[in-house]
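Start from chain A and add chain B according to the hints.
Protein chains in written order, with the numbering used here: chain A, 919 to 984; chain B, 15 to 283.
Keep in mind that a hint or two might mislead.
When the alpha-carbon atoms are kept at most 20 Å apart in a straight line, the in silico SDA-like pairs for lysine to any residue are as follows [stated by the list, open to error]:
no., chain 1, residue 1, chain 2, residue 2
1, B, K239, A, E953
2, B, K239, A, N966
3, B, K239, A, L954
4, B, K236, A, V923
5, B, K239, A, A965
6, B, K210, A, I921
7, B, K37, B, L83
8, B, K210, A, E962
9, B, K210, A, A965
10, B, K236, A, A965
11, B, K239, A, I922
12, B, K210, A, E953
13, B, K236, A, N955
14, B, K239, A, R956
15, B, K239, A, D973
16, B, K161, B, A116
17, B, K236, A, G925
18, B, K210, A, A930
19, B, K210, A, I977
20, B, K37, A, N955
21, B, K239, B, P282
22, B, K210, A, P947
23, B, K236, A, I977
24, B, K37, B, P24
25, B, K210, A, H979
26, B, K236, A, E953
27, B, K210, B, I184
28, B, K210, A, N966
29, B, K210, A, Q929
30, B, K210, A, L959
31, B, K236, A, L975
32, B, K95, B, Q79
33, B, K239, A, Q957
34, B, K210, A, I964
35, B, K236, A, Q957
36, B, K210, A, R948
37, B, K239, A, T960
Label pairs and their computed distance ranges (CB to CB) [unchecked claim]:
no., chain 1, residue 1, chain 2, residue 2, range
38, B, S229, A, V923, 27 to 33 Å
39, B, G182, A, A965, 20 to 26 Å
40, A, K932, B, G182, 35 to 41 Å
Just so you know, the hints here were simulated from the structure itself, not pulled from any lab data. Glycine is no exception: its CB is placed at the ideal position from the N, C-alpha and C atoms.
Listed below are the residues making up each chain.
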Amino acid sequence: MKIIVNGQPQQAEKNTSIVALLQTLSLNPRQLVIELNRQILTSEEIANIKLQADDQLEIIHFVGGG
Amino acid sequence: MIQIFLNELPLAVAADTHLAQLKAEHAPQADLAIINGFPASDEARVQDQDRIVMIQRGVMPDRAQLEALMMARHTPGVHKKVSQSRVGIAGVGGLGSNVAVALARLGVGQLILADFDLVEPSNLNRQQYFIDQIGMPKVEALKANLKRINPWVQIEIFAGRIDAGNLGKIFTDVDVMVEAFDAPDQKALLTATHLKQAPDCPLVAASGMAGYGGSNQIRTRKIRKNLYLIGDQQTAAQPGCGLMAPRVGIAAHHQANAVLQLLMGKEPE
Numbered sequence: 919m920k921i922i923v924n925g926q927p928q929q930a931e932k933n934t935s936i937v938a939l940l941q942t943l944s945l946n947p948r949q950l951v952i953e954l955n956r957q958i959l960t961s962e963e964i965a966n967i968k969l970q971a972d973d974q975l976e977i978i979h980f981v982g983g984g
Numbered sequence: 015m016i017q018i019f020l021n022e023l024p025l026a027v028a029a030d031t032h033l034a035q036l037k038a039e040h041a042p043q044a045d046l047a048i049i050n051g052f053p054a055s056d057e058a059r060v061q062d063q064d065r066i067v068m069i070q071r072g073v074m075p076d077r078a079q080l081e082a083l084m085m086a087r088h089t090p091g092v093h094k095k096v097s098q099s100r101v102g103i104a105g106v107g108g109l110g111s112n113v114a115v116a117l118a119r120l121g122v123g124q125l126i127l128a129d130f131d132l133v134e135p136s137n138l139n140r141q142q143y144f145i146d147q148i149g150m151p152k153v154e155a156l157k158a159n160l161k162r163i164n165p166w167v168q169i170e171i172f173a174g175r176i177d178a179g180n181l182g183k184i185f186t187d188v189d190v191m192v193e194a195f196d197a198p199d200q201k202a203l204l205t206a207t208h209l210k211q212a213p214d215c216p217l218v219a220a221s222g223m224a225g226y227g228g229s230n231q232i233r234t235r236k237i238r239k240n241l242y243l244i245g246d247q248q249t250a251a252q253p254g255c256g257l258m259a260p261r262v263g264i265a266a267h268h269q270a271n272a273v274l275q276l277l278m279g280k281e282p283e
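If we strip away everything but chain A, and leave its shape as in the complex, we get:
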């Protein structure tokens, strides 16, 4: 199925969880803010939600330092 990640169309397996997608992108979910269809997700939601066709995902990545 097609999903949109940071504005770019991307193919994903049906019923893929957000966590599984992040693993394939080598991203640590604890360092991200994730927006699914314009809603900010909690860490529980990131762990549990499965993606649907045409979902729009925005991934904001934080690096250390301050």
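Leaving out everything else, chain B in the frame of chain A:
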């Protein structure tokens, strides 16, 4: 008659008035006088539109005098707005301590500072603390330093860890919130929690300011409604690429300027 500004307040005086006369009439205790930015002698004659500052060494201006000074520098419109504003800063390390100093110098009316950390020797390379403050809780040390800049900024402090349960209770009714943590998971957690709990309050966050790479790679970006992210978005702090005063300061001042823009109803960019 000509018009001058004495300690930032307008004043009408006779043309050809000597500085000594002005001093005798308006500031007999003053030790020194500065005309348009330069020290001047008693014999100097004041000119129309001169800005004259009379200083008595060791005596602090009172609140009204400092307000007049800030209003003259910042314009009355900016001064009124910022002095009625309330800004929260989560984390007062390299980013947060520098943001706080800039906002105190602006005259932001109320600041809320939260951090669990103590001042360590290694912090002195970029954070707004002094060597005699090592070991103090950062929020207490910073409050003391800000009060030396502007004693009339109201400062609330929270010395402890911030989590999803206490975020809204620490930062009540803020006009703008600043994310100024160090650890990436803390940055992400604060950002997500704030946007969930207070979606109508803008957040100015930062990511990527380690090392001594290009200054101009530090940028202010709007990510979504009420989320502004400052930094180069990639340079993490790691061995061989540490956090240093110049670039952390650039990012912190992007954050402070974004706060000012938001308070003035302008979209940060």
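K239/B paired with N966/A [C-alpha distance capped at 20 Å]: violated (25 Å)
Given pair status - A116/B, K161/B, alpha carbons within 20 Å: Given that 20 Å is the threshold and the Cα spacing comes to 13 Å, the pair holds.
Holds or violated: K239/B to L954/A, with C-alpha atoms at most 20 Å apart: With a Cα-Cα distance of about 14 Å, the restraint between K239/B and L954/A holds, given a limit of 20 Å.
Given hint H979/A paired with K210/B - CA-CA distance at most 20 Å: holds (17 Å)
Straight-line alpha-carbon gap K239/B to I922/A, limit 20 Å: holds (19 Å)
Pairwise hint evaluation, I921/A against K210/B, where the allowed Cα distance is 20 Å at most: Violated, at roughly 23 Å.
Distance restraint between K95/B and Q79/B, which requires alpha-carbon spacing of 20 Å or less: holds (18 Å)
Given hint L959/A paired with K210/B - CA-CA distance at most 20 Å: holds (8 Å)
Agreement of K210/B and N966/A with the hint, judged by alpha carbon distance not exceeding 20 Å: holds (18 Å)
Hint consistency between K37/B and L83/B [alpha-carbon to alpha-carbon, up to 20 Å]: Holds, at roughly 19 Å.
Pair hint outcome, K37/B versus N955/A [Cα-Cα no greater than 20 Å]: Violated: K37/B and N955/A sit about 67 Å apart, past 20 Å.
Restraint status (C-alpha distance of K239/B to R956/A at most 20 Å): holds (10 Å)
Violated hints for the displayed structure, listed by number in ascending order: 2, 5, 6, 10, 18, 20 and 29.
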